[in-house]
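Visitor: Using my numbering, read the sequence shown as starting at 1013 and increasing by one per residue.
In case anyone wonders, no lab produced these hints; they're calculated from the structure. Just so you know, even glycine gets a beta-carbon here, dropped at the ideal spot from N, CA and C. Among the hints, a few may not be true.
Just the calculated beta-carbon pair ranges, DEER-fashion [claimed, not checked]:
| no. | residue 1 | residue 2 | range |
| --- | --- | --- | --- |
| 1 | 1211 | 1109 | 38 to 46 Å |
| 2 | 1107 | 1206 | 47 to 55 Å |
| 3 | 1141 | 1040 | 30 to 38 Å |
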Amino acid sequence: MRRHVKPVAYAPGALTTGNLFLGFSSIVCSFNDQFLPAAWMIIIGGFLDLLDGKVARLSDNDSRFGAELDSMADMITFGLAPIMLVYKPVLQNYGKIGLLIGFFYIMCGAFRLARFNIQPPKKEKSNFTGLPIPTAAGLIASFILFTNELFGEPGFVWPMLIIFLTITMGVMMISSIEYICFPKFSWKTGKSRAKLILFLIYFCLLAIFPAYVFFPTAVMYLLSGLIAAPFSHFHHDLEEEMSEINV
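Start from the sequences and build out the full structure, keeping to the hints where you can.
Guide: What follows is the structure, given as structure tokens:
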């Protein structure tokens, strides 16, 4: 008897494939000096990447194949595409050093994805170890869009800042700094309802003023891990001391 497959079962794979297509399209746009569309495709790819995992879990279709395909798509859209975005207008001008900077980011992105893939699966993940690669790519792409909206020209006119962002994103991806996962919302408590309402307001602002909102959001997320890191280490040390006392 032929097994009936629900259409929703194809949704995660379709979203991942869409993410992969956007990454490829972004690279093509960068080759053709269409840098703003290239940046937007990376940003949109980030939203598809956020959705595919959620849809896979909600539809109970979270497979090993899907996880591996997702990593391949992420490597293209968030590993290679951001470097192609900044290579021709900035990194290419620095010769071998620019080439090494671009490779460093791609290498760190590959390490970040590999580390994520070998982690034991958890039903409820509260933190990421290292800056997620979609955020790193989104910060670079959104900087181009933010500066273009604010000053009328992309941020390529500040090459050293582009280089600084590229290297910093690479370092943060392979760091041990913890970052919170996408928050879960509920309508059961007043606190959760307030968070949900604020989150919906934020998404409305993001939809209306995306070029202005996304870059500051990415920067705040980046800083949140750096600010929380000392407290996180203190908490872990305290837990270890308490466990030794209990023993």
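Visitor: Take the hints in turn and mark each one as holding or not.
Guide: Here's how the hints hold up against the structure:
Distance hint check for residue 1211 and residue 1109: the Cβ-Cβ separation is about 42 Å, which falls inside the suggested range of 38 to 46 Å. Between residue 1107 and residue 1206 the CB atoms are about 53 Å apart, so this pair conforms to the stated range of 47 to 55 Å. Between residue 1141 and residue 1040 the beta carbons are some 33 Å apart, a value that agrees with the proposed interval 30 to 38 Å.
The structure agrees with every numbered hint stated previously.
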